[in-house]
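Novice: Spelled out from the first residue to the last, the chains are:
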Amino acid sequence: MSSVFVNDIEVEVGPKDNLIQAARAAGVEIPHYCWHEALSVVASCRMCLIEVGEKKSDGTIVMGPKLVPACQTPAKPGTVVKTETPKVKTAQQMTLEFLLLNHPLDCSICDQAGECYLQDYTYKFGKAQSRLNEPKVQRLDKYHIGEQIALFTDRCVMCTRCVRFTREISGTSELQVVARGSVEEIDVFPSKPCNNKLAGNVVDLCPVGALCSKDFLYKKRVWWLKSQKSVCAGCSTGCSVEVDQNEDYVYRLRPRANPLAQGHFMCDEGRFGFKYVQSDQRLMGPTSKTISTSGTAASAVLKNGETVGKLFQPADLAVVDHWPSVIKETRERIRQAIVSNPSGFAAVLSPMMSVEEAYLLASYLKSIDRNVKLLLGPIPIVGENDCYPKGVDGSSPSVEKTKFTIRAEKCPNRFGIEAVLTHFQGSVVAIEDAIRGNHNIQSWYFVGGYPLSDEVATWVTPAIEKATVGASLLIVHDIFPSSLSMKADIVLAGAAFTERDGTFVNHRGLAQGFKAATRPPKTARADGRILSELSERRGLFNVEGIRKEIGDKIQSLESLSIGDIGIHGVELREPVGAYS
Amino acid sequence: MTNTEFEPILLARINKPDSASLASYQADGGYSGLRKALDMTQAQVIELVKASGLRGRGGAGFPTGMKWSFLPQNITGPIYMCINGDESEPGTFNNRILIEEDPHQVLEGIVIGCYATKATTAYFYLRYEYGKCYRTLQKAVDEMYAAGLLGKNILGSGYNLDIHLHRGACAYICGEETGLIESLEGKRAWPRIKPPFPAVEGAFRRPTVVNNVETMACVTHIVNRGAEWFQSMGIPKDPNNPRDAGSYGPKLYCISGHVNKPGLVELPLGVTARELIDKHAGGVWKGRKAKAVVPGGISMGFMSASELDTPLDFAGPGRVGCLGLGTAAVIVIDDHTSMVDVLYNACRFFAHESCGQCTPCREGTAWSTKILERIRSGNGKLSDIDLLLEISSSIGTIPGTTICGLADGAAWPIKNAIAKFRGELEDYIRSGRKSEAPILVGAH
Amino acid sequence: MSELSEEMKAKIREHFGHYPTKQAITLPALHMVQDAKRCVSNKAMEEIAEILELAPSQIHDTLSFYGYFRTEESPLGEKRVWICRSLPCMLRGGEELLAELCERWGIKPGETTPDGKLTLELAECLGACDGAPCMLLGDELSLRMTADSVEELVRG
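Going down the list, the sequences are from chains A, B and C.
The opening position of the first sequence corresponds to residue 1 in this note's numbering, with each subsequent residue numbered one higher.
The opening position of the second sequence corresponds to residue 1 in this note's numbering, with each subsequent residue numbered one higher.
The opening position of the third sequence corresponds to residue 1 in this note's numbering, with each subsequent residue numbered one higher.
Quick caveat, the hints were computed from the structure, so don't treat them as lab data.
Each hint should be verified, as a subset may be incorrect.
[Said to hold, decoys possible] Here are the simulated lysine to aspartate or glutamate pairs, EDC-like style, with alpha carbons at most 16 Å apart: (1) B:K381 <-> A:E332; (2) A:K390 <-> C:E140; (3) B:K132 <-> C:E140; (4) A:K127 <-> B:E390; (5) C:K22 <-> A:E332; (6) B:K187 <-> C:E53; (7) A:K87 <-> B:E390; (8) C:K22 <-> B:E185; (9) A:K192 <-> C:E50; (10) A:K136 <-> B:E275; (11) A:K89 <-> B:D39; (12) B:K132 <-> C:D139; (13) A:K192 <-> C:E152; (14) A:K136 <-> A:D215; (15) B:K261 <-> B:D244; (16) A:K328 <-> A:E533; (17) A:K289 <-> A:E332; (18) A:K82 <-> A:E134; (19) C:K79 <-> C:E152; (20) B:K118 <-> B:E185.
[Stated by the list, open to error] A few chain A residues facing chain C, derived, Cβ under 8 Å: (21) Q176; (22) K192; (23) V399.
Note that the coordinates shown come from a computational prediction; the quantities given were computed from them, not determined experimentally.
Backbone N, C-alpha and C fix where the C-beta goes; we use that ideal spot for every residue, glycine too.
Same shape as in the complex, but just chain A (with noise of 0.2 Å):
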């Protein structure tokens, strides 16, 4: 018998499982608020009281006389689990009635509303009404907790995963509880607030509206919210992310939780850094200096009162669809370009691009001529690798502790643009090395797609600046203007991560499918929409289509041949190069 028996379903467990998770297998919701499977086992909330026993080998099942945590309670086998007995259904019951007891019932001003465990497990497992016929405890709000975060007191549970949290992933120990017994509560040190580069995950694991990102405070109403799996782009530990936005507008990145990637947690840069997407600098729209352009989008700025939201085909301002005479002319321009001078051309390939991105630029260029030039664009690399948990003393923790990593290079995917580009050419040559001493570069197709920030500083250096003076052709394809699209000849607006499919590739061979989550603003397109019409590939921009053919052209990226990589994403099989 390897199995544990939920309800009379028989599941097969894990060797480290407890019975949350072995009820989980078996499609039976244990509620709980204070075990997570990052964290320490305290057992406190009580919520996941159960009745356990043992199924012996003659079949007889001997109940045991206690109710038991299920939480701290390992998945042995021929365990025997039941969730439904009138003793547990008392105890939830109660349980619920004494979280409630003091508690504001404030949800109507309450963000949690909607993604709220007290919520849900009222509704599923409680009572309907309170027999509280005393004064409740009143507490204060307090908004000196973080600069990201307020504490919204009345409503804690005191589950303390958010102590446990700063204690044992970060390390930097701001979160405490205060006071004793029914009085306790949570709060910092007076001066010492919980500012650390991990902060947001707090509000993440908070499971009522206790703890609150200050960002996102009374913004909008999660119900509104549509979410979408994907992976953030700020640096190339790729930790796998929801987007939640509603009519085009991001509200807030969530993590999600991927054994393969990350864990459970994203760093504050990812979790707030994303705003650049949202920015009136993007580029809305492709111009061409020879062609006209005017009427673009791309000239427009937003008119007063215009919210970001309404980026997309704005009623009242005419937006003409450039792209189809932009495409027409960069297509041209660049065969002409590469057939007189193949050597001379070379198109410089973003670490923020996507797999499948960099692909199609590359086989459709080497398809006009195998001696055109493929250099890997700038990596921005932004001070260490941050390891948490830190030590008291602010000292970082030796590899086999670390449990989370904000790593320097902030780009997502230089990995899998090299793995394209030693594909095609042998080896990657960056550009920083290929413009040193004299080059004879006179074509350029650049990609760019960095956010826009005060931490990164443009990708555009004065080497590549001096680099393309006297260019007889350059294009820009960018989400962003910058000094080198202000004197290019064409412009093609290009999307955020949030706005186009692909896949990156993260520091460890992890690939990982990102979705759009939104529409790109005004008419800037998704890049492999782009790529595919400059290309003349038939049919519309297919990820799973695109995977499937790179899998079995380039061996290091073989993995990709299913298509579909799932929500986790797929392993590569071998590293390759700046990582083997």
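For chain A, the structure is supplied; the task is to place chains B and C on it using the hints.
Specialist: For chains B and C alone, coordinates are given in the frame of chain A:
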């Protein structure tokens, strides 16, 4: 305060001049038990304590020898013994008197216990309020170091032991085994989930055993006089019940409340409440009768007047619906006292002392206190009684709802008061009267 | 300027050999500071944290759990008088004693007299039930108290 028929053992020396000093202790033959133990093997000492049937005097009544045998046998690294001097159960003061008057009796037992369990360091966790105990104990420990009874190579045996005194800070929950360990480690005293049990992973993640003060005093005498002698006192185990571990040895009974002579009495386990009150405490005061008697600290609940012939051994109080013998701290409540006031006092105590970790105890103790406050202010409802009963079920009477036993202790007084005094509670509520006693400050 | 004197810091460090972790010295350190300064200020907590290699929030977490410690917002008076209110003392007039003292001194439990001399606290079972109602002055117990005998003892 001694019974002329029973020769005191644990309290034998407390009225002697200078009873706390090493010199006086040794003059009375002190530390001969330790010498004996050091000549035995550690396993033999554990067997001896097992054979004596000694059960912990801290409230849980767990067989001491068995507890010691749970420690891993062949490991390297530290093993800790913690002595639970946090004595905070209302009605209990026997450890205080033992430490103040005859600390060496306890300390000898501690060294013997540490030797038997191969403990490398002992931490004596002493509640802060026992200042005199602390100073007495520190003096005694210093005397022991000076005399080679502590430190390296104790009495030339090759066994090393250090004892450190660790003062608490006013929290009842530090009397709970794992709450004590957390407090010792410098954290808030939130009891740990079990497993792992302290014998496997206790203080500082090392194997640890936690024992009560009076228990260790018994150990001294067991080693001196043998298991059979110890078993000659008390109530033997029921041969028909394999789960009954018996109630052996002498016990210090604390009597307080409405009696003429509150104090400490030493008797073999098993004296009845009636005999204790009438024969040893001068009877109920002011010529009144006892309405309710707490058998072993407020956590154990109440016995009614008709239950006073219950023997106060480990099994007796359980038979009349109380939680158990607890700390054998008997509190007598006379028939001029309202059970509503008594129950309120009990609930408020637990609400104040609840560590707050688990939901049922944190919220349930405070809620029941508020309900009783409302009843005392004249606004009670009859449905409150059943509500209180339901709350007490959820916090304690149903096993497994909480991490530690404080919630059980909070539940039992409510359960017993309603079971045995429901009529009085209902009358109070119906009358709408307000309590005369002051409600100064609620739980916090 | 340091809140803890060098002497006090040295005394805290004396405990290092007694426990396998520095965190275990939290309670002894807090006692030392409060005895000397009648409260544990935020700065003191930070300095203790530094010596014990902990985060200040951990010191504060522990401190706030125990009824014994006071933060800088409510320091103690010169003398701290605890009156027990648990069941055995309640049965013999403990609550009345506490109420009487509140009235005589004009303060509520937890407060300090305006002249800073006396802090009145309510205590849970002090372990002196044989002499109920009882009192704790500092860390010394006194049994069978009345309001008059309390005043005599504290003012004497």
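Novice: A separate judgement is required for each hint: does it hold in the structure or not?
Specialist: Against the structure, the hints come out as follows:
no.	hint	result
1	B:K381 <-> A:E332	89 Å, violated
2	A:K390 <-> C:E140	44 Å, violated
3	B:K132 <-> C:E140	6 Å, holds
4	A:K127 <-> B:E390	14 Å, holds
5	C:K22 <-> A:E332	73 Å, violated
6	B:K187 <-> C:E53	14 Å, holds
7	A:K87 <-> B:E390	13 Å, holds
8	C:K22 <-> B:E185	9 Å, holds
9	A:K192 <-> C:E50	14 Å, holds
10	A:K136 <-> B:E275	46 Å, violated
11	A:K89 <-> B:D39	57 Å, violated
12	B:K132 <-> C:D139	7 Å, holds
13	A:K192 <-> C:E152	46 Å, violated
14	A:K136 <-> A:D215	30 Å, violated
15	B:K261 <-> B:D244	33 Å, violated
16	A:K328 <-> A:E533	9 Å, holds
17	A:K289 <-> A:E332	14 Å, holds
18	A:K82 <-> A:E134	35 Å, violated
19	C:K79 <-> C:E152	13 Å, holds
20	B:K118 <-> B:E185	21 Å, violated
21	Q176	4 Å, holds
22	K192	6 Å, holds
23	V399	22 Å, violated
In this structure, the earlier hints numbered 1, 2, 5, 10, 11, 13, 14, 15, 18, 20, 23 are contradicted, and the remaining ones agree with it.
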